[in-house]
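Listed below are the residues making up each chain.
2 protein chains.
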Amino acid sequence: MQEKPNRVTIRDVAEAAGVSFQTVSLVLNHPEKVAQKTLQHVRAVIKSLDFVPSMAARSLRRIPTRTLACVFFGKRASYDNRTYQIQDTYWNNVVQTINRVADRAGYAVQQRSQGADDETLYEEIRNLFLGGRIDGLIAVVERTAHPVLLRLQEQGFPLVIFGTRDAQFSFVAQDNAQACAEVVDHLVAGGCHALAFISGERDGHGNDDVDERYRGYRAGLERHGLAMQAGWNLAGDWSMASGYRIAQQLWNAAQRPDGLIFASDRMALGALKGLYDLGVRVPHDIAVVGFDNMQYDDFCVPPLTSVHSPVLEMADAAVRMLLARITGQPDPGDSQQVLATRLVVRQSTRSANPGSRG
Amino acid sequence: MQEKPNRVTIRDVAEAAGVSFQTVSLVLNHPEKVAQKTLQHVRAVIKSLDFVPSMAARSLRRIPTRTLACVFFGKRASYDNRTYQIQDTYWNNVVQTINRVADRAGYAVQQRSQGADDETLYEEIRNLFLGGRIDGLIAVVERTAHPVLLRLQEQGFPLVIFGTRDAQFSFVAQDNAQACAEVVDHLVAGGCHALAFISGERDGHGNDDVDERYRGYRAGLERHGLAMQAGWNLAGDWSMASGYRIAQQLWNAAQRPDGLIFASDRMALGALKGLYDLGVRVPHDIAVVGFDNMQYDDFCVPPLTSVHSPVLEMADAAVRMLLARITGQPDPGDSQQVLATRLVVRQSTRSANPGSRG
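One line per chain: the protein sequences are A and B, in this order. The working numbering numbers the first residue of the first sequence as -7 and each following residue consecutively. The working numbering numbers the first residue of the second sequence as -7 and each following residue consecutively.
Hint data in this document are derived by calculation from the structure and do not stem from the laboratory. Among these hints, one or two may not hold up.
Identical chains blur together in the list; that is why a pair holds if it fits in one copy or across any two.
The list that follows gives simulated cross-link-like pairs (lysine to aspartate or glutamate, EDC-like), each with its CA atoms no further than 16 Å apart [what the hints assert, rightly or not]:
no., residue 1, residue 2
1, Lys25, Asp4
2, Lys25, Asp277
3, Lys25, Glu174
4, Lys25, Asp95
5, Lys39, Glu305
6, Lys25, Glu146
7, Lys29, Glu115
8, Lys29, Glu146
9, Lys25, Glu115
10, Lys29, Glu204
11, Lys25, Glu214
12, Lys39, Glu115
13, Lys29, Asp4
14, Lys39, Asp4
15, Lys39, Asp229
16, Lys39, Glu111
17, Lys39, Glu7
18, Lys39, Asp158
19, Lys39, Asp177
20, Lys25, Asp109
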């Protein structure tokens, strides 16, 4: 770890560039005071010599890193580029919200996609920490006990899990099971008794938030003594098109449900259109509930009942937790938080009036 | 620029921590080989001494920066946190797309919001470059000749403008004027002759893409010899709610238009709902066109005719241009690009059949 004797110095740069030591210093510290031509010349020499000025270290000292990384561990953030079209997703909104909350706290956010394999990902993130490029990590995960995150935590790097309860870490999650149990209560109160649950893609690891939603649905059915048909538990791919298709499929099924619970608004919005195109009346013929409470929910036909996800509060909590760790504050004892959701009732479901069902 | 004689060294850290020089080196380079307790202790000492290891510089050399900044110069990226709700915006999608394209090229993207004032913003971005934290800048701007960008360009920092034609820079933009002229052609071909144009908020600087859209609308009207009513050129605030309100207002106006051109899909989607709630038939009674071609356009009632924005191609071009500058490739001569849009006709407008108008 000693300084290499042959390390390139600022004097080497000055000599190679044929300029004074002071000029190189100006290029490094006050480039606006240097003539454009000189600037380009000296920068080229700096590059050719692979000179890393101790200024870089000084900059790191002078400019606090104040940067967080937001990394998606899973395929949910992936995009289909063949059919690229402007689209909303819950996860786009999550990362934008984290960005905004961090920005208010004076921190920038680097978004990173998952690397090819765990080892590469581990090295990348570790190097970001060691290189002084990030102070902390917000990890959006789909499963518990991710091996890369366990290793990073063992190294003492500050990190917080977003979106999944994971007992081995600090985390912020929402109460998905409770949310879906409330949805079942609401639908039953409105006269429904044949409820379908449509999840999104699963990654096969289990323990994720979609499984929690499914468990909440199951628990709700059991509490009300309702039967669950195997054919009523389907998986879309989170797209509006999959919601459209599945809603029509369920409407035409031999055993038709009278309430559809979707694990995302995007699928539910597609479902509303699928039913509209068949001439099905929502909620009279069938009720539809989404999950996320997106702004479209007020503007679709009919407006969509949906579970409000406390994304802003979750982002606030995650960033606050992470900054407390980074700045070495004592643990306030709330580093594992499950935030409540809230059902927003609109016209795609019937209000509590069992007698009104035809 | 000489090393300060009293600079804290790795040996000072070892002495203060009561460990060997080799242990400190391990903490810095191979923390996974150090016991957790020792790791925490040595790190605390490093922190208390404000020790910046030359390792930081070495890391910068070993780990290429490979990071771009994406900065919004304008208020369009701002959020209303009082009424926070998951929402889609064109600009969220722009930054996500840039992220994705950069990621494929092996670059991470730091998103930054505009600082309080130009001087602060200039210093922040300059320091990111000088500190080796970013290699290049993608600037999303709403007006030409932004003084901060002019200064950064003068310093020789690689940057590309996204979304606005700005002759003094490399830029990628879309042809907004041509897009709106095509929209007018399409509506006229479908029998409309009283066309309203609804823009979003303006920042008062002019020269932005919304002005281009307005100019395209004006040029289209002139080409077809159509009159422009002052009351038919309104400004929403980009929200669905503003589109809802304005559509109802125009429907109830003394001089009612028969075609509504919105500067964004979000406003147009709100307009469809506003007209639906009044029992107005789209496109029979009034035609509606949006701008952005969002995925929801296929799932609203009725599906929305919209201008497809080549966001992916623009992001591709912007990142490619920027990487060419960063890596010092010769200018391929295409560093100012205006990409064509494409009108996607759906059911919210009548197809070309002038006789069908009632």
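Structure-based check of all given hints:
Within a single copy, Lys25 and Asp4 get their C-alpha atoms no closer than 21 Å, and across copies no closer than 36 Å, so neither meets the 16 Å cut-off. For the homomeric pair Lys25 and Asp277, neither the shortest alpha-carbon distance inside one copy (74 Å) nor that between copies (64 Å) is at most 16 Å. For the identical chains of this complex, Lys25 and Glu174 are neighbours neither inside a copy (65 Å) nor across copies (49 Å), given an alpha-carbon limit of 16 Å. Proximity of Lys25 and Asp95 under a CA criterion of 16 Å is satisfied in neither setting, with 31 Å inside one chain copy and 35 Å between copies.
Taking the shortest Cα distances, Lys39 and Glu305 never come within 16 Å of each other, neither inside one copy (45 Å) nor across copies (31 Å). Proximity of Lys25 and Glu146 under a CA criterion of 16 Å is satisfied inter-copy only: 11 Å between copies versus 47 Å inside one chain copy. Neither within a single protomer nor between protomers do Lys29 and Glu115 lie at most 16 Å apart by alpha-carbon distance, with minima of 39 Å and 22 Å respectively. Within a single copy, Lys29 and Glu146 get their C-alpha atoms only as close as 49 Å, which misses the 16 Å cut-off; across copies the closest is 11 Å, which meets it.
Taking the closest pair of Cα atoms, Lys25 and Glu115 come within 16 Å of each other only across two copies (15 Å); inside a single copy the shortest separation is 39 Å, beyond that limit. In the homo-oligomer, the alpha carbons of Lys29 and Glu204 never lie at most 16 Å apart, since the shortest distance is 62 Å inside one protomer and 37 Å across protomers. Taking the closest pair of Cα atoms, Lys25 and Glu214 never come within 16 Å of each other, the shortest separation being 74 Å inside a single copy and 51 Å across copies. Taking CA atoms no more than 16 Å apart as the test, Lys39 paired with Glu115 passes in neither setting, with 26 Å inside one copy and 23 Å between copies.
Proximity of Lys29 to Asp4 under the C-alpha cut-off of 16 Å is found in neither arrangement, the shortest distances being 20 Å within a copy and 42 Å between copies. Only within a single protomer do Lys39 and Asp4 lie at most 16 Å apart by alpha-carbon distance; the minimum there is 12 Å, versus 32 Å between protomers. In this assembly of identical chains, Lys39 and Asp229 lie within 16 Å of each other by CA distance neither inside one copy nor across copies; the values are 48 Å within and 47 Å between. Taking identical chains as interchangeable, the C-alpha atoms of Lys39 and Glu111 are never at most 16 Å apart, the minima being 31 Å within one chain and 28 Å between chains.
Within a single copy, Lys39 and Glu7 get their C-alpha atoms as close as 14 Å, which meets the 16 Å cut-off; across copies the closest is 36 Å, which misses it. In this homomeric assembly, Lys39 and Asp158 never come within 16 Å of each other (Cα to Cα): the closest approach is 45 Å inside a single copy and 30 Å across copies. Proximity of Lys39 to Asp177 under the C-alpha cut-off of 16 Å is found in neither arrangement, the shortest distances being 66 Å within a copy and 53 Å between copies. In the homo-oligomer, the alpha carbons of Lys25 and Asp109 never lie at most 16 Å apart, since the shortest distance is 46 Å inside one protomer and 22 Å across protomers.
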